[in-house]
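Engineer: Sequence:
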Amino acid sequence: MTGPRTETLKLPPGISRRDVLQAGALGLGTASLLPTSAIAAPQVATRRKSVIFVFLTGGISQQDSFDMKPSAPVDVRGEFQPVATRTPGLQICEHLPLLAQRTDKYAILRTLATGSNGHELACHMMLTGRLDLPPAFNVNDAPSPNEWPSIPSLVTYATRGRNNLPPAVVLPQPSVNEIGRFRPGQYAGRLGPRWEAWHVDIAAKCPLGNGACPDCFRFDGSPFQHGSPTIFDTPHLKLPNGGNGRLSERLSLLAGIEHQREHMQQVARVEQHARFREQAVSVLADPTTKEAFDVENADPKLVERYGKNKFGLSCLMAFRLSQAGVNYVQVNLGKNSSWDTHYGNFANLKNNLLPPMDRAVSALMDDLFESGLSEETLLIVGGEFGRTPKINKDAGRDHWDPVNSVLFAGAGVPGGKVIGKTDALAAYPLSGRQTTENFAATIYDTLGIPSSASWTDLDGRPHQIYHAQPLEGLL
Numbered sequence: 000m001t002g003p004r005t006e007t008l009k010l011p012p013g014i015s016r017r018d019v020l021q022a023g024a025l026g027l028g029t030a031s032l033l034p035t036s037a038i039a040a041p042q043v044a045t046r047r048k049s050v051i052f053v054f055l056t057g058g059i060s061q062q063d064s065f066d067m068k069p070s071a072p073v074d075v076r077g078e079f080q081p082v083a084t085r086t087p088g089l090q091i092c093e094h095l096p097l098l099a100q101r102t103d104k105y106a107i108l109r110t111l112a113t114g115s116n117g118h119e120l121a122c123h124m125m126l127t128g129r130l131d132l133p134p135a136f137n138v139n140d141a142p143s144p145n146e147w148p149s150i151p152s153l154v155t156y157a158t159r160g161r162n163n164l165p166p167a168v169v170l171p172q173p174s175v176n177e178i179g180r181f182r183p184g185q186y187a188g189r190l191g192p193r194w195e196a197w198h199v200d201i202a203a204k205c206p207l208g209n210g211a212c213p214d215c216f217r218f219d220g221s222p223f224q225h226g227s228p229t230i231f232d233t234p235h236l237k238l239p240n241g242g243n244g245r246l247s248e249r250l251s252l253l254a255g256i257e258h259q260r261e262h263m264q265q266v267a268r269v270e271q272h273a274r275f276r277e278q279a280v281s282v283l284a285d286p287t288t289k290e291a292f293d294v295e296n297a298d299p300k301l302v303e304r305y306g307k308n309k310f311g312l313s314c315l316m317a318f319r320l321s322q323a324g325v326n327y328v329q330v331n332l333g334k335n336s337s338w339d340t341h342y343g344n345f346a347n348l349k350n351n352l353l354p355p356m357d358r359a360v361s362a363l364m365d366d367l368f369e370s371g372l373s374e375e376t377l378l379i380v381g382g383e384f385g386r387t388p389k390i391n392k393d394a395g396r397d398h399w400d401p402v403n404s405v406l407f408a409g410a411g412v413p414g415g416k417v418i419g420k421t422d423a424l425a426a427y428p429l430s431g432r433q434t435t436e437n438f439a440a441t442i443y444d445t446l447g448i449p450s451s452a453s454w455t456d457l458d459g460r461p462h463q464i465y466h467a468q469p470l471e472g473l474l
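Throughout the sequence shown, residue numbering follows numbering that gives the first Met the number 0, covering 0 to 474 in sequence.
It cannot be assumed that every hint is accurate.
[Claimed, not checked] Mimicking BS3-like on lysine-lysine, the simulated pairs with C-alpha atoms at most 30 Å apart in a straight line are:
1) 68 x 349
2) 307 x 349
3) 349 x 420
[Stated by the list, open to error] Here are the in silico distance ranges between beta carbons for each label pair:
4) 97 x 219: 27 to 35 Å
5) 296 x 461: 43 to 51 Å
6) 423 x 97: 27 to 35 Å
7) 135 x 299: 19 to 27 Å
8) 229 x 300: 38 to 46 Å
9) 474 x 350: 35 to 43 Å
10) 80 x 206: 34 to 42 Å
11) 135 x 180: 17 to 25 Å
Quick caveat, the hints were computed from the structure, so don't treat them as lab data. As the structure is a computational prediction, the values presented were derived from the model and not from experiment. Yeah, the Cβ is synthetic: ideal placement off N, Cα and C, and Gly gets one too.
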């Protein structure tokens with residue numbers, strides 16, 4: 000059996016094969032080296048705001064975080080206690096002490112509905128902002144052209160990048176299940192690979208990867224050791240003295256250059272993988288961008304504030320990329336459905352999940368507000384669904400799509416506000432129900448994408464970008 004056929008890569012003037020390898024090291028496709036004029040698209044956004052979406056892949060328990068029900072029966076309320084916050088009358092989980100001190104900076108939506116209790120469908124609905132499914136969609140075939148485009152892909156299509164940066168970035172790795180299968184809804188799908196967001200897959204390879212590597216865990220509590228000496232496999236790029244934009248000969252990657260070379264040769268076969276940007280070289284050579292990725296070597300006090308783990312350093316990376324000019328940054332906090340607490344919900348939330356998330360998101364929120372970026376940046380924190388009211392036999396909670404708690408901060412969101420009300424079990428909305436379509440519309444509206452904006456699929460069919468109004472009561 001022969002391997003896949005590859006063709007000789009033809010590069011634009013001034014772009015070397017070394018540049019291609021370096022672009023591949025950060026997840027940039029070959030066509031990101033092409034001039035913007037070669038792949039021009041409708042640029043329709045009218046505002047210069049940005050969004051950071053911290054995705055709690057797997058689905059966080061609303062009853063054990065931001066919608067606690069201390070008066071519910073014991074098999075619903077669980078082991079955790081609510082604590083007072085900076086906002087009078089508002090309580091959240093005792094294991095979120097830093098976020099409890101910052102409720103004046105964010106609002107809580109308690110009534111977001113996804114539309115499915117399955118990870119695959121719920122992820123597709125959450126990450127694309129659509130409740131309907133495209134023709135020939137198959138949950139076991141992802142990524143695939145039979146998916147709706149992800150929100151980052153539509154942001155790539157409908158907004159203009161700044162400072163030679165892509166409009167949208169997803170980091171530090173894709174969301175996959177425990178056997179390595181991709182969750183649907185993360186890629187360009189029916190929009191076409193030309194409009195893929197920049198997927199920065201740089202988390203160090205860890206066979207399990209649950210939680211905040213290197214403090215990764217098994218849900219049953221059995222011993223597990225992080226599978227890498229580092230948290231990220233990032234390139235170390237250094238410009239020579241007097242280089243004036245030339246990249247050095249040295250590119251160190253734990254994953255190895257040869258793998259990247261083979262990957263780039265395969266991608267080069269398909270010209271429509273063109274994405275955007277003037278040249279990937281300018282991305283790699285820019286000191287601000289390089290600093291954004293070099294988070295493991297950041298100032299120790301800064302690292303301590305965020306947490307020296309995948310959760311903390313990913314949020315720091317998101318802040319720096321947003322600061323550098325990226326319009327939309329999605330941070331996947333967890334690879335193997337880390338928040339999917341069917342087993343040992345309370346032990347794993349208390350010991351492995353809530354503390355690093357609390358620290359990382361609080362540090363990110365602080366930096367957004369202290370830097371002034373919060374005025375133009377919307378921070379969102381949430382998963383693809385909530386968890387069942389009733390605790391199961393394994394001290395866990397199962398999938399629950401009728402309600403999900405999501406945080407919003409910055410970009411004019413009033414702090415201390417609670418949107419929507421759930422019943423006595425945090426099971427169903429009593430008022431203020433919203434959907435993932437409202438969620439996506441809020442992102443598009445923040446970025447200045449007009450409500451009339453549309454896109455055309457691979458078969459030439461037009462589609463609206465908006466499928467609902469922005470979240471009611473958020474602003």
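Engineer: Work down the list of hints and note, for each, if the structure agrees.
Structural biologist: The hints, checked one at a time:
| no. | hint | result |
| --- | --- | --- |
| 1 | 68 x 349 | holds (17 Å) |
| 2 | 307 x 349 | holds (18 Å) |
| 3 | 349 x 420 | holds (25 Å) |
| 4 | 97 x 219: 27 to 35 Å | holds (28 Å) |
| 5 | 296 x 461: 43 to 51 Å | holds (47 Å) |
| 6 | 423 x 97: 27 to 35 Å | holds (28 Å) |
| 7 | 135 x 299: 19 to 27 Å | violated (51 Å) |
| 8 | 229 x 300: 38 to 46 Å | violated (20 Å) |
| 9 | 474 x 350: 35 to 43 Å | holds (37 Å) |
| 10 | 80 x 206: 34 to 42 Å | holds (35 Å) |
| 11 | 135 x 180: 17 to 25 Å | holds (18 Å) |
When held up to the earlier numbered hints, the structure conflicts with 7, 8 and fits the remainder.
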